[in-house]
Structure formats: C-alpha cells, structure tokens
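Engineer: Between the sequences and the hints, there should be enough to build the whole structure, so can you do that?
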Amino acid sequence: ILNVEQSPQSLHVQEGDSTNFTCSFPSSNFYALHWYRWETAKSPEALFVMTLNGDEKKKGRISATLNTKEGYSYLYIKGSQPEDSATYLCAFPFSGGYNKLIFGAGTRLAVHP
Amino acid sequence: NAGVTQTPKFQVLKTGQSMTLQCAQDMNHEYMSWYRQDPGMGLRLIHYSVGAGITDQGEVPNGYNVSRSTTEDFPLRLLSAAPSQTSVYFCASSRPPGQGPGELFFGEGSRLTVL
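Protein chains in written order, with this note's numbering: chain A, 711 to 823; chain B, 122 to 236.
Please note that a few of the clues may not be correct.
[Claimed, not checked] Below, a sample of chain B positions facing chain A; criterion: calculated Cβ distance under 8 Å:
| id | residue |
| --- | --- |
| 1 | GLY161 |
| 2 | LEU164 |
| 3 | TYR169 |
Keep in mind that the hints were calculated from the coordinates and are not lab data. Cβ atoms here follow ideal geometry from the backbone N, Cα and C, with glycine treated the same way.
Structural biologist: See below:
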C-alpha cells in the first residue's frame, strides 16, 4: 500500500494570514492528485483534482500546484478567513484504480479572528 | 438533489451483532466506495464498486461485506461487529474515467460504536 504524507498536521493562523500545506505522494505511476476540504460535522468536499505536471488550479482564495516528477502538491490559502477553518485532505489513486483513493491524514487549519 | 444518502447516522452495537449501513446516490454514478475514518488517520478504503454487480476490496476489507445489485445502492454489511470497527463510515460516489475529473462525492457519514 502506498503512502500519502501531509504536513503540517495542524496549523493555527490569524485572520488575514496566507498559509500553505504540503502533500507528498509516490511519483511513479501518477494518475491524479485530489484535494478535499472537510469542515467539522460535515462530509469532505472536493476542491481540486489535478492530473498534469505543473498544473495550477484556483478556487477563490485557494490554489494548488502539482509536481508529479518529485511527488508533491502544495495548497495555498491567501488571506485566511475563519470560515477556512477545516481539515484539508489530499488523496492519491493506488493500484491503478481510478477511484481507489489513499488519503493522507490531513492538515487541520484553525483561523483565529 | 439529495446526492449521497447514508443511513443510519448513528448506531450502537454489541460485539457479535451484525448490521447493514445503507448508501444510496441519485447522481447515476457508476463508482461507489466505502471509507472509514479513525482519529489521527486518513480515510481508509474498505470496499469499492465500479458498477452494478462488480465489487472489490480496498485497504481494510476484513469484517465487512458489500454487494451492488443496482447503480444507486451500495450497502456495507458488518458480519460480526467488533470494538475495532468503532469508527465513522463514509460512502462516496464518483463518475467513471472520461466523464469528469473523478472527484468523490461523500455522504454525511455514519457513526458506529461497538461495545
């Protein structure tokens, strides 16, 4: 079973700060890299599915980059707001299974007013 | 649009009891899967299905059974509950390759406690 590592485990920032987290995944047999946002007491929701090396995706103040050759992706949040507080998960398909995802343990973000 | 619906949301079982977690989706997604989430760990894949009549094992399949008789439904059966199966269970669905980016759509989760 492959491993997906996320860092840091948790992060506390002040409102207005910009922040970023890392997802590391196996660089061989790359298919796609998923990012999900998971708010407390809710279910995870997809942010991005990234498939191309060098890809950069953006949704509002959140953006992500992908480096498939070295096996990492960064998620950036610009000007964090309290509503950005959530756990951010990345996931990687394993064994060639399109939706057989291995998830990282997540980065828990707390944004303080 | 209901999306992915899981029932029950909460359940308490005694060791050795059996039960079924129900999952239904109304998005006509071919792919469905079950994950469990435990503290400090990422979501772990239990079983998945690529279409009606086709299922396969994920990372942690032991103690669980699934079937897929229709596109809409993907129930997860606990055959003989054990305390180690205390967890939050999520059902998810997605479109197959070529029909979208492949993101998972999750249900609201089912919290199971085994005493």
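Engineer: For every hint, state whether the structure bears it out.
Structural biologist: A quick look at each hint next to the structure:
The criterion of a C-beta within 8 Å of any C-beta in chain A is met by B/GLY161, whose closest approach is roughly 7 Å, and the hint holds. A hinted interface residue such as B/LEU164 counts as satisfied when its beta carbon comes closer than 8 Å to some beta carbon of chain A; here the least separation is about 4 Å, so the hint holds. The restraint placing B/TYR169 at the interface with chain A holds, with a minimum CB-CB distance near 6 Å, inside the 8 Å limit.
When each numbered hint is compared with the structure, no violation occurs for any of them.
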